[in-house]
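Just so you know, the sequences run in chain order A and B. Just so we're on the same page, our numbering is the position in the first sequence counted from 1, plus 189. Just so we're on the same page, our numbering is the position in the second sequence counted from 1, plus 34.
Think of the hints as simulated: they come from the structure by calculation, not from any bench. C-beta: ideal position from N, C-alpha, C; glycine also. Certain hints may be false.
Claimed, not checked - Facing chain A, a subset of chain B residues (Cβ under 10 Å, in silico):
{"#": "1", "residue": "Asp69"}
{"#": "2", "residue": "Glu106"}
{"#": "3", "residue": "Asp112"}
{"#": "4", "residue": "Phe114"}
{"#": "5", "residue": "Ser177"}
{"#": "6", "residue": "Ile178"}
{"#": "7", "residue": "Arg179"}
{"#": "8", "residue": "Gly183"}
{"#": "9", "residue": "Lys215"}
{"#": "10", "residue": "Tyr216"}
Stated by the list, open to error - The list that follows gives simulated cross-link-like pairs (lysine to aspartate or glutamate, EDC-like), each with its CA atoms no further than 16 Å apart:
{"#": "11", "chain 1": "A", "residue 1": "Lys225", "chain 2": "A", "residue 2": "Glu213"}
{"#": "12", "chain 1": "B", "residue 1": "Lys104", "chain 2": "A", "residue 2": "Asp318"}
{"#": "13", "chain 1": "A", "residue 1": "Lys270", "chain 2": "B", "residue 2": "Asp111"}
Claimed, not checked - Negatives, chain A to chain B, calculated, CB over 12 Å:
{"#": "14", "residue": "Asp216"}
{"#": "15", "residue": "Arg406"}
{"#": "16", "residue": "Gly460"}
{"#": "17", "residue": "Glu462"}
{"#": "18", "residue": "Cys501"}
{"#": "19", "residue": "Gly505"}
{"#": "20", "residue": "Asp546"}
{"#": "21", "residue": "Phe563"}
{"#": "22", "residue": "Ser572"}
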Amino acid sequence: MINKILIILILFLLAGCAAQIPKEAEDAFYMNDFGKAAKLSRPCADKLNRNFALNNAKLGQFYFTGGGYDLAFLPFLNAGKVMERTVTGSDNAFWSSVSREDFKEFKGEPFERSMCHWYRGIIHYRRGDYEKALAAFRRGIDADKDTMSLNKDDTSDFSAGYVMAARCNYLLGEPDTADTYIQKSKFVNEIEEKIDDTDEEEVVVNDENNDNYENKRNGIDSDNTIFIVEWGDSPLKQRENNIKDIWSCSAFAEYIPRSSKIEYAKIFVDGNEKIQINRCTSTFCQLSCNTEKTAETIQKIKIGAKWTVRVCAFAGAFTGVLIATKGNGAAATAAGIGAALVAGAAVRTEADVRVWDLLPEDIGVGSLDIEPGFHNIAVCFYSSSNAELPEWRQVYYYYPIKKDDNLIYCRTTFDHFGKYKFETEEVSSSIVDSQISSRHYLEIDPVDEESDIRIIPLAPAFWKENEVDNLTIF
Amino acid sequence: MKFLIYIFIILICLNGCTPPETRMGLDDNLIIDTDLTVTDLKATAQKMSRSIAKSKISSKDKPLRIVFMKVENRTFDDTFDSYNLLSQIRKELIASNNFEFIDRKQFPEIINNLSGSDLEKRKEIAKLMNVDYFLTGRAYADSIRKGGGREVYYRLSFRLTDAKTGGIVWCDDDEYKYYGKYEPINR
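Working from the sequences, and respecting the hints, build out all of it.
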């Protein structure tokens, strides 16, 4: 009998072996060392196990944030496919019903699924393939429909997805559909205030004609530059009340926000303040407002079943040992209690706390019409008291703005080790040279050898095979 | 010793649980999500080609010259392979001996990106290449999610546009509906 119990325990252990992205990789990500992060996480992401989707989502993000858009596509696609798959692909799924919840295949919360598609949409958009981008953004919206935060079963509140889907529709010549997305988006309720002096008149017009679609579009249809700004860190997930004791009933999980100081961003073009970018989508709201009732009921049933199994295992092991030792003496009773405790401990009820915690806290989307040519573009971040947070400022010197369409993506997450993605002060070439030599940025050939202009791709050009989109010229 | 043998047997059984690769029938599907399957696309291609072949434009005097345009992707699938769908329709139509397809590689790149409103350019190209019809399509999907389930409706529509007049001379569509729900174990 003891042997059988041991065998069952070994099976539990076997079922529990599925590596996740190591913490060192996440630390490297927060320190801008995207190469190290990807290198450390790739072996995990390649393995087909129950964490496949989570590992691939994180690997995709390492590539994406480092500008490796082509490299990021496949991991995001893999993760999205598994998350959207309605059947389970993990042989361990059964064990999640009688033991640890995280034995099941990771499929993420609706918003995590959305973000997989969101990043894929951005990749397609950057390539100029608006049709595929639209498909990915629509899927992102669709994946988030379960959240019910708007008290409507079939409505997503992923407003950033709506805005980008609308943008794609406008570019594809389908303004009617685009207007529908704009209407659905909460973005229209937080119309960014055009604060440039020259636009004051336009702001007034917008307020007076609030019902006019032309104004509700807010430039998303006609402006030549889209800004996607992501800041902060998405919430962590932990067992309710942070209970780690395996004997407890901590079967439910809760999200712990990691609020940053940043409240909104402003875009400066050539030193002139142009637009304010407000929060369009908040990951904390998205993740914590999943009020899907059926899932909650199923969770409760599962917990009931697990406790039944636990009690049976406890009693069975105790009785089994007593029978095996014929109940002789105190030693046999102690062995029985010991076996019961081990068997009971094997049946665990903890909640699944796996989460894609590398996501941003907030996503903001804005648009601006900028004259084609090279411009210095600064993204500045502000606190709720409207004070600038200079440590977050990101400056793109001589950013090449094309006539038709530009997408400027900006992510700030890197405060964990006191290091930031870009320097805050006006830089001289010697300072930047020293920074670049100490980091992994790559230099490319100068655009014009006759002048002193030199292009240095910053983080987004970390992966060689991609066209740079963030440039610094001296 | 017995204990070790038990473990050994169990481990062998665990390894043996993985089924070997098996050959499947072309029309058999392993449905794991609510995306269109290869079988759906094949069935649509056959239906469309039959519909074109039976239409009034089908002539036995001389083969009609058709050019592929694109199938607009308005599904949720950014990896949707519309070219594969069109090439299947082409295969079926060529087999009927009434149609001739012009290799798209012979066309300037611009034709691949022409929208419906670029009629004049189309006419110009049609005249140049002696084209009778343009074949275009649209794959559309919409979905409803409720209670963990997802219902997806697909409509694959195609049309033939007269290269000289711009008039639509044939159109047909095919519809599919899928319903998927996460297994309770995954909720």
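*Which of the numbered hints are not met once you compare them with the structure shown?*
Result: no hint breaks.
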